[in-house]
Amino acid sequence: MRGPPDTVGPSNSGIDVKYETEVSSVGEMAAEFAAEGILVFFGPDAPEELHEFAILTDRAELKEPIAAGDVLEVGGTEFPVLCVGELANENVATLGHLVVKFNGLNEPELPGDVSLPAVPAPEVVPGSRIRVFAGGS
Amino acid sequence: MALFDRFKKKEAAEAATISEEPVPAAPTAMEPEAPVVAEAGDAAEEAAPVEAPPSGSYRKVKVKAGMKGWGTGLVISPEPGKDLIYSVTGGGIHPVAQRIADLTGGKPFDGFKSKANFSEIACAVIDCGGTARIGVYPMKGVLTVDVHGASPSGPLMRFITEENFVSGTGVNDIEVID
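If you read the sequences in order, they're chains A and B.
At position 110 of the first sequence the residue is numbered 110 (the numbering used here), and the sequence of numbers has no breaks.
Count along the second sequence from 1, then add 1000; that gives the number in the numbering used here.
Possibly wrong hints are sitting among the right ones.
As the list claims (entries may be wrong) - Partial list, derived from the structure: chain A residues whose beta carbon lies under 8 Å from chain B: (1) VAL23; (2) VAL26; (3) VAL40; (4) ASP45; (5) GLU49; (6) PRO80; (7) CYS83; (8) VAL119; (9) ALA121; (10) VAL125.
Treat the hints as calculated values from the structure; they're not laboratory data.
Idealized CB from N, CA, C, for every residue including glycine.
Sequences are here, hints too, so could you generate the full structure?
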């Protein structure tokens, strides 16, 4: 387990939190995507028609681009980031839109993807924390 | 995940080149009067100026797939009460949405800033990589233009057809038809 965020100093810590937000609501149809190993996050401004499929999160800043080798935490469970599609960081930065796929791929299937190991998607509920830590390098 | 496999190769190829937009040719015989635009900006994305329709009236446009895109093209035909060009894209109204609005007389609308009813939307412009938005708008019966060159994919791909979706569209892939 990682330490709490308040132990993360600006320069004197090895743990670099690139992105941190919290789930505010989970759409009724989000489970359909989760069953296929896909979690679709959107920031709070997402139009209503996206709410039913999406997991909405609080507004958050992407401090550094997400990259392969980072660690993504979803609701208390950590997963290694295997690869990051070329649109993924732009989506997160501008829309709070993060597409996480539990598909085990080392090359992005689609350009918006952040790929994690091929395991069942964890349950996400309002209050679940989403964090991305820089990989140890 | 067999659902995605057949598109994997194509998407990977597109991912490598997705930021490339076809460079428009110099004004041709089709546009003899086209003046040179001297504005600063991305020359590759600069579309030939076209006069807007008279206020309160509308024109139809054909929206084609870009070189890396998918689909046979859509006809966008705004009408009174259904004239929003609904941009669901990062960074505000996308230039493609603005261009469709300029040519048709429709109203550019930022889906991340305000709320609209589907009955008011002439078309949606998205910048989707192929998972969520790509299927949501076709499923809702909204004509959908993806500025990225995505092919039908994602859990909702069964809703995506040539009749409701086109992709890879740039500002120069939109033309007025009568």
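Which of the numbered hints above does this structure break? Numbers 1, 2, 6, 7, 8, 9 and 10 - these are the hints that the structure violates, sorted from lowest upward.
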